[in-house]
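Each chain, letter by letter, is given below.
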Amino acid sequence: MSQTGVTVREPWPDARREETGLQFAMWVFLATEVLFFGALICTYAVNRWAHPAAVREAGRHAAFAYGLANTVILTLSGLSMAIADRAVKEQLGALAKACLWITLALGTAFVVIKALEYYKDISDNLWPGPDFALRGAGARPFWSFYWVATGVHAIHLTIGLGVVARLLVFAHRGSLVRRVPSMTISTLYWEFVDIVWLFLFALIYLVGRT
Amino acid sequence: MTRRQWKQVVATPFAAWAALALGIGLTCGYALMGASPFKPAIALAIAACQAAVSAIVFMRLDRASALVRFAAVSGVLWLSFLFILSFCDYLSRAYPP
Amino acid sequence: MSAQASAPQAAPGDEPSYLDEGHSVASWIFSTDHKRIAILYAVSITVFFFIGGAAATLMRIQLFEPNNSFVSAAQYNRLFTMHGIIMVWFFLVPSIPTTLGNFLVPMMIGAKDVALPKLNLTSWWLYVGGAIFTIVCLIGGGVDTGWTFYTPYSTLYSNAAVLSAAAGVFVVGFSSILTGVNMITTVHMLRAPGLTWFRLPLFVWGIYATSLVMVLATPVLAMTLLLVIAERMGLPVFDPRFGGDPVLFQHLFWFYSHPAVYIMILPAMGVISEIIASEARRRVFGYKAMAVAMLSIAVLGFLVWGHHMFVAGMSPFADIVFSFLSFVIAVPSAIKVFNWTATLYRGEIRFGAPMLYALGFLGLFTVGGLTGLFLASVPVDVHVHGTYFVIAHFHYIMVGGSVSAYFGGLHYWWPKITGRMYLEWWARLAAITMFLGFNFTFFPQFIAGYLGMPRRHFVYAPQYHLYNVMSSTGAVVLAAAYLLPLFYLGWSLVWGARAGANPWNATGLEWLTPSPPPKQNFARTPRVDNDPYDYHEPETGPTQADQPPRQPQGGVA
Amino acid sequence: MSLILLVQASPIVLPEASTQAVVEDRIFLILLAVSAAIVLLVLTLVIGFSIVYRAGSAARRGPLPIWIRHEFEIGWTSATIFAFLFIFWWTASSQLHLQTVPRSALEIHVVAKQWMWKIQQPSGVREIDTLHAPLGIPVKLVMTSQDVIHDFYVPAFRLKQDVIPGRYTELTFTATEAGTFQVFCAQYCGLDHARMNADVVILPPADYARWIADQPEGDTLAGEGEKIFASHGCGGCHGQGAAVHAPPLDGLYGSRVPLAGGGFALADENYIHDCILLPHKRVPAGYAPIMPSFQGVLSEDQLVPLIAYIKTLKAKP
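Chains as they are written, first to last, in my numbering: chain A, 1 to 210; chain B, 211 to 307; chain C, 308 to 864; chain D, 865 to 1181.
Treat each hint with caution, since some may be false.
Unchecked claim - Over the 12 Å line for every Cβ pair with chain C, so calculated as not near, a few chain D residues:
#, residue
1, 899
2, 1001
3, 1074
4, 1080
5, 1165
6, 1176
What the hints assert, rightly or not - BS3-like cross-link-like pairs, simulated, lysine-lysine; straight-line CA separation at most 27 Å:
#, chain 1, residue 1, chain 2, residue 2
7, D, 982, D, 1091
8, A, 89, B, 217
9, D, 977, D, 1178
10, D, 982, D, 1175
11, C, 425, A, 89
12, D, 1091, D, 1178
It should be emphasised that the hints constitute simulated quantities derived from the structure, not laboratory data.
Positions of the beta carbon are idealized from the N, C-alpha and C atoms, including for glycine.
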C-alpha cells in the first residue's frame, strides 16, 4: 500500500491520485466559498449602487491603519504558508516547520489586531444598533456588511489557525513530509482566506479614503 | 538546499509576494489620491490581480491540471451569474436612481 | 419476478456482506462505509418524511372546510412552515443523492468507496444534528415565516424561533455542500479503468449534475440565512428603513432555491433512466443527449430564478429576461421526456413495481413540466403566482417526480441493498395507489389556483370548497399509500426471499457483486469495455426479459 | 346531496372583469390546449408502447430505423425550441403591451398593513378593505406597505402586485365589468394573512362620481396634505423666504433633479418618498444634507396626502 513511505488512504489507488483528488476536492470547496462570500458582496454591491455617497461616507469611518496592517500581515502569512507548502514537497522538513510557525504567529497577530479594531469600532459606536454613530440610508447596511464579512472572515481564519496547528503537530512528530495531501489542501484554504481579505480590504477600507 | 530548490521554494514565492506588496502600495496610493468615480473599480481590479498572483503562484494553479483550473474558475463564473442577473434587475429599475 | 432468474455474475466469494461487518450501533453511526452511511441517511430521511407528511395531513384536515377551526391561524402558519422546511431541506434535497447516490455511485463506477469517506460520515452527522435541532425548534417553538423566510417579515416582524431554525438549516446546507464536493470528486477521480464519461450510467450523470448544483448554489443560501440571522440580531441588510432592499433577499434566496428544484429532480431523472432501460430491455434512446441535457439543466437552472419574482417588484425588463431563460430550460426537460418515451419503443417491457413508479413519474413530470410553461409566461404568472396553481405545479415535479423516482429506485435497488426481494404485488398496489392518490390530491389544486385561491391561507372563500374537499380526500389515499411500503419493505427485511446478485438481469457494475455487497464492493477492480445499457446488439432488438443482458458493463468479473 | 350542492356552489370559470383578464385568459387557454395535446401525445405513446411491446408480445422488435435515431431527435429538439420561443415571444409582447400606463389614469393610493388595506381616493375619501373604482377608466393603484410585504391580488382582474415597504409599486387596470370583486393578500404576511381580504367595487363612472359626492365632506387628498405640510413645519425650510437653504418644491414633481455627486434623479413618487424618509439618499446638487428624516414621524398614511400635495405645486412662471 505504500510508496516511498507515503500512506495511502482507503478508496485511493495510489498516493499521486490521492493528492490530485484532494486538491481537486478542495478547489471545488473553494468554489463554494467564492459563492458564499460572493453573495455577501452582492448585498454590498446593491447597497453601493443604491447609496454611493452614503457608502463612501460610511467607509471613511473604517479604521484604515488596522486594515492596512492586517493586509500586510496576511499577505506575509500567505508567503510563509506557500514556502512551507513548497518545502514539504521538496522534503525540506525543517524549513516547512519554521514557516508554519511564522504563519501561525502572523495569523494570530491578525486576529489580535482584528479584535483591537473591533474594540475601537464599538467604542466609536459603529455597531449599527440604537447608538449608531452615522446617519443616512446605506450607512447601516454598509456597517452590517463590515461586521458580517469581517466576522465570517475571522472565523475562517481561526479555523485556518487550527489547520496550521494540525500541520505543526505532524511536523513535531516528523511526519509532515509524508503528509503532502494535507499540506496541499491546507495551503489552498489558507491562501483563499487571504484572497478574501484582499477584496474586503478594497471594499471596506479603501472606498472612503480621499 | 540546492540552487533549484532555493529558486523553487524561496525565490519564486518571494517574487510573488513582492507583486502582492506592490499591489497593496498601488491600491492604497490610488485610494488616498482623491475622489474619483472609478475608485472602487480600480481597487477591485487590483485586488483581482493580487488574487490571480496568489492563486497561480501560492496555490499552484501554474502546475495544476485543466480540471483543477476549471474548478477554480467555476466559482467565479457562477458568481457572475448572480451578479449579472440580479443587476439586470437593478440597473433597469426606475428606482432608486 | 423470480429471484433466481440468473446466476450471479461474480463468484459469491467468502467475504461477509457490508451488513455483517459489525452489528453494534457504533459500528453503524461511526462507519465510513458509503453503503452504511446510505442506510443511515435512508433511515433519517424516512423519519423526517413522515414528520413532514404529518404536518401536511394536519393542513389538509384544516382545509376540508372553508372556515374550519381544526387548527388556529398561528398553528396553521407553523404547520406549513414545518412542512416546507422539512420536506425541502431534510427530505427532498438529500433524498436520492445521499441514499441511492451514496450507495450506488461508488459501485456503479467500480470504486471501493466515495473519495472522502470520513467527510461523508461528517456530512451525515451535520445533517442529522442540524435537522433534529431544527425540528425541535419547529415543533417546540414553531416558526411562522414559511420555508422561504421572506424579509422583512422573518427579520423584523416574526416573533417565532426564526433564528435557531435558520441556524439549523444553515448547518444542513453545509452537509449538502460537503456531500456535493464528495460526489463530484468521486466521479472525477475514482472511475474504474475504461469507464469513460460517456460510458457512465445516467444515474451517475444525474448525481454528478445535482452535486454541481449543490456545491454552487447552497453557499448562497447559507449566506442568505446568515444575513437573516444578522438582521434579526440588529445588523440591517434588507431593512427598507435604512435603505436596504427586501427584494434583494428574494434574489439571493431564489438563486439557491430555484436550482434546488433541480437538485431534487436531476437524480430522479437518473433513477428513471436506469429503471426504464432495464425494464424495457433497451438501450436508452439518445444516451448522449440525455447526459448533456442533465448537465445543461444543471447550468441553466442557475439563470431562471427570477420567474419566482415576476410580481415582486423587479423591473419589467428583468421579467422578460427571466421569462426567456425559463422557456429555454424547458427544452432539455422536454427532450428527456421524449427520449424516455422513445426508449419504450420496440422494447420488451416488464411491469414490475419500479417500472410502475417510472411510468407514473413520466406522466406526472410531463404535467408538472408543462404547467411550468404557464408560470414562465409573465401575464399568466401574474395571475397564478402565489396561488394553489403554483403549489400543484411544484408538487407534480417534486412529489410526482422526485418522490416517485425515489420510491421506484428504492424498489429497484432494494434487492441489491438488502439482499431480499420485496412482495411484488404489494409493491405494485402501493405504486398504483400513490399515483391515483397523488393526482386526486393535487390536480384539483390547479383548478383552485386558476380560480384564484392564494396559498398559505388557513381559511378560504366558499367557492373553492369543492376542490379542497377533493384534495383533502386524495391526501388520505396518498398518506395510506406512503405508509404501505413501510410495512411490506419492513416485512421483506426478515421474511423476504433471498435476492441473487442480479435479479433484474440489468447491466451496470453494481449488479456484478453479490447482494448485499461486501464491504469492499468488488473483489477486484472491474474493467469497463462497453457502453451502459448494453441490453442488446445495437443492430438487433432486445433479448427476452428472462435472459441476462448481452454484456453487463464491466464484462465478466 | 350535499356533494351536489357543493358542486353547484363551485364555479369553474372566473369572471373576466378587466382588459388584462381577457389577454391572460386567451394565453392561458391556448397554453392549456398545447399542454393537453402534448400530455395526450405522451400518454398515448407510453400506453400504446406499453401494450404493444409488453414482454413476450408478438410485436416486431428489431433495431430502430436510422431515421428515428437521428432525424427524430433533431426534429423534436428543434420543434420544442421553436414552439417555446414562439410562446415566449407571444406572452412577452402581450405583457409589454399591457404595461403601458395611460397618462390619464386615475390614481388611487393603497397602504397595506398587517392585516388591512387602507385606500385613499384622489378626492380624499378614505376607505378600509374596500376600493371603489370607475368602470372603463384606467386606474393606477400606487401602493406601499407600512410593515411587511403584502400582495394586492384581484383574481377577477388576473392581476397581482407585491406591496413593498419603503417604496411604491404600481398596478394598473381597466375594469370591463361592474360589480364587486374579491381581493386577497397573496404574499404571506403573518398571522391573519388569510383574512387580509378586501373588495373592489366597480361602478359605472356616473355612479362612481355620485358615490364620491355622497361621502362625508372632507378635504381632497392634496388639501389634507397641505395641512400636514403646514403642521410639520415643512414650509419653515422649503417655503418662500425661509432662512434655511432648502430646495424649493414648486414644479419638483416630474422634473429631473441634478444630484450632489453627479447624475440625475427623476422626481417621481418614489423619489419624494425617499427624500422625506431617507433624506441623505439622493441629495439634490447645491444643497447641504441637513434635512432630518421623518421616519417614524410621518406614517405611510400621511405621506400619501403629503406627496399628493407636493405634486400639485406647480413651477412659478
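Each hint tested on the structure:
1. The Cβ of residue 899(D) sits about 4 Å from the closest Cβ of chain C, inside the 12 Å cut-off, so the non-interface label is violated.
2. Consistency note on residue 1001(D): stated as away from chain C, and its beta-carbon is indeed over 12 Å from all of that chain's, at 21 Å minimum.
3. Look at residue 1074(D): its CB is around 29 Å from the nearest CB on chain C, clear of 12 Å, so calling it non-interface holds up.
4. Once the 12 Å rule is applied to beta carbons, residue 1080(D) is consistent with being away from chain C; the minimum gap is 31 Å.
5. Taking the minimum C-beta to C-beta distance to chain C, about 16 Å, the non-interface status of residue 1165(D) holds against the 12 Å cut.
6. Non-interface call for residue 1176(D) relative to chain C: holds, since the shortest CB-CB distance, roughly 27 Å, exceeds 12 Å.
7. Restraint check for residue 982(D) and residue 1091(D): satisfied, since their Cα atoms lie roughly 20 Å apart, inside the 27 Å limit.
8. With a CA separation close to 14 Å, the supplied pair residue 89(A) and residue 217(B) stays within the 27 Å bound.
9. Only pairs whose Cα atoms come within 27 Å are accepted, and residue 977(D) paired with residue 1178(D) is rejected, the gap being roughly 32 Å.
10. Restraint check for residue 982(D) and residue 1175(D): satisfied, since their Cα atoms lie roughly 21 Å apart, inside the 27 Å limit.
11. For the proposed pair residue 425(C) and residue 89(A), the alpha carbon gap of about 25 Å is at most 27 Å, so the pair holds.
12. Of the pairs offered as hints, the one joining residue 1091(D) and residue 1178(D) holds, with about 18 Å between alpha carbons and a cut-off of 27 Å not exceeded.
Hint compliance for this structure: hints 1, 9 are broken, all remaining hints hold.
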